[in-house]
Amino acid sequence: MQADTKKFKQYLLGDLPGDQTEAIDLQIITDENLAEELSLAESELIEDYLEGSLTDDEKRLFDANFMISDARRQELNDISLLKNYARDLEAQKKQPAPDAAPRLGVVELLKAYLRPLALAAAVVVLLVVGLFWAGYLSGSVSALEKEYAELNKKDLNNVSELTGYSNVILSTGSFRDANSAVRQSEEKLSDTVLFRLVLLTKVGDGSTFKAKVLRGTSLVFTVDAAKAYQTGEGRDIRMLLPKSILQKGQYQIKLENASGGEAGTFAFVIE
Amino acid sequence: MRLRPCLRSGTHIYGVAELKIQVLSCYLINDAFENSFSMKNSYELGQDQFDALLGLFSADREVAGEKYEQMRSGLMRFFQFKGCHDPDALADDTINRVASKIADFDPKKNIKPSSYFYGFASNVLLEYKRTSRQETSLGETQYRSVDVEDVEDDTDARSSCLHKCLGELPPHDKGLIVDYYTREGREKMELRKQMCDRFGCTTAALHTRVFRIKATLRHCIEDCVK
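Top line first, the protein sequences correspond to chains A and B. Our numbering numbers the first residue of the first sequence as 256 and each following residue consecutively. Our numbering numbers the first residue of the second sequence as -3 and each following residue consecutively.
Think of the hints as simulated: they come from the structure by calculation, not from any bench. A virtual CB, placed ideally from N, CA and C, is assigned to each residue, including glycine. Treat the hints loosely; a few may be bogus.
Below, in silico cross-link-like pairs of lysine-lysine (DSS-like), each with a Cα-Cα straight-line distance of 30 Å or less [claimed, not checked]: (1) B:K184 with A:K349; (2) B:K108 with A:K509; (3) A:K457 with B:K160; (4) A:K261 with B:K189; (5) B:K189 with A:K401; (6) B:K108 with A:K348; (7) B:K170 with A:K349; (8) B:K189 with A:K509; (9) A:K465 with A:K348; (10) A:K262 with B:K222; (11) B:K104 with A:K262; (12) A:K401 with A:K467; (13) A:K348 with B:K210; (14) B:K125 with A:K348; (15) B:K125 with A:K408; (16) A:K465 with A:K408; (17) A:K261 with B:K160; (18) A:K261 with B:K222; (19) B:K160 with A:K262; (20) A:K457 with B:K210; (21) A:K349 with B:K108; (22) B:K125 with A:K457; (23) A:K261 with B:K108; (24) B:K125 with A:K349; (25) B:K108 with A:K314.
Estimated spans, in silico, between C-beta atoms of each pair [said to hold, decoys possible]: (26) A:E306 with B:Q43: 31 to 41 Å; (27) A:L406 with B:G181: 46 to 56 Å; (28) B:R126 with A:E400: 31 to 41 Å; (29) A:S415 with B:D219: 33 to 43 Å; (30) B:G196 with A:K349: 21 to 31 Å; (31) A:A278 with B:D193: 25 to 35 Å; (32) A:D311 with B:R129: 15 to 25 Å; (33) A:G471 with B:A211: 52 to 62 Å; (34) A:K503 with B:R182: 41 to 51 Å; (35) B:Q190 with A:G515: 48 to 58 Å; (36) B:R182 with A:K465: 33 to 43 Å; (37) A:D259 with B:D102: 27 to 37 Å.
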């Protein structure tokens, strides 16, 4: 059964030789029992994608040949939500119950008294350093943002022609921990990365959105005009981002529409 | 807008007479289909063609009616797993094309009906893909401003509804589906194997159960987000 599932996954990705594809095509038409196994392969493929276990080639095929219908987008979104829910629940179970407050001695009391002062001093130092660092970075980031604003004006419609870029497909969702978001290996990323943000709702062709890339809670990059492209029956937002802003950590891309309203949040992890 | 005869049948076919009535009276007016997949040909099926189509399946009319229905379901599955938007309409289009070319079918060549239909279905699929691509590239040239009303991310709503709907499931089903999606990679495979052992069922049966629970959840979520 596992061998069959692997073969069916290749079939769904369009990665089987012609004769084998034809054989499965014919089997689908004549054997109603095959539908269940193929549905299983569809679900597993989506899970593989969400878990980041597809190779770059498989991801490209997933994007070009598999994620082409609203039904599959919906399935991806639903499985993503279920996985998030399951992980959140497991994380809650693992969290230790808070201990009762311990009794404090004189030294501990003194430490407790001084701790807020030390903390306040540390915060002031961090603020000064942070402001200095932000000022330093703002110049270089905006130059890069300008460069990528030009790049993102390019036509990114034909994904099969964009093979030089690593391809990251994200669906919307609120992810509360690193395990529940799409994961991407830093080593496998090309210098410029193509991000595809799947929209479940219809938007006009060529509509543009402001995309803010956050690492943790810090804004690291902005694309002012990320365009919507049609894929099969749905739409996705496509944009190119520099690898240099993507270091190991948790990221979110927040989309805003023309009036500044929130249009979706897409989470991922670079590892 | 065009009217086109079709072999669409919304209900189970009990006999050939009913099937005939459906074919002769069925005219599909479908703007969505016409917009998304404009057919090259419109087929006018005659009684002879229709009889010949049924004859392809069996000399026995009752058996032919059943096999016709099986073929239609098979074609729908084919288009579904190819990721097509409207497998129903594409299956009907394939059958219409086969029926219109039925005179070319040579029974002496000993070709299976499924292979014969598959040939036509492949062409319908190619045309569908070509049309989808053209529409995609055409869409790119038609820039419009963002319609704020259109942009409503319903993921948060679906997430809240998922919590609510999971709460409405029988505890055993909820536990099963949450466990099913808890882990990743190898751990996930081991956990699912353990679940099979625990429930005393095969892997296939476990998946079937999960599919059914997911279907229930999906209906509940759809109702909830409306």
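For this structure, which hints from the list above don't hold up? The structure conflicts with hints 2, 5, 6, 8, 9, 10, 11, 14, 17, 18, 19, 21, 24, 25, 26, 27, 33 and 34, although it agrees with all the remaining ones.
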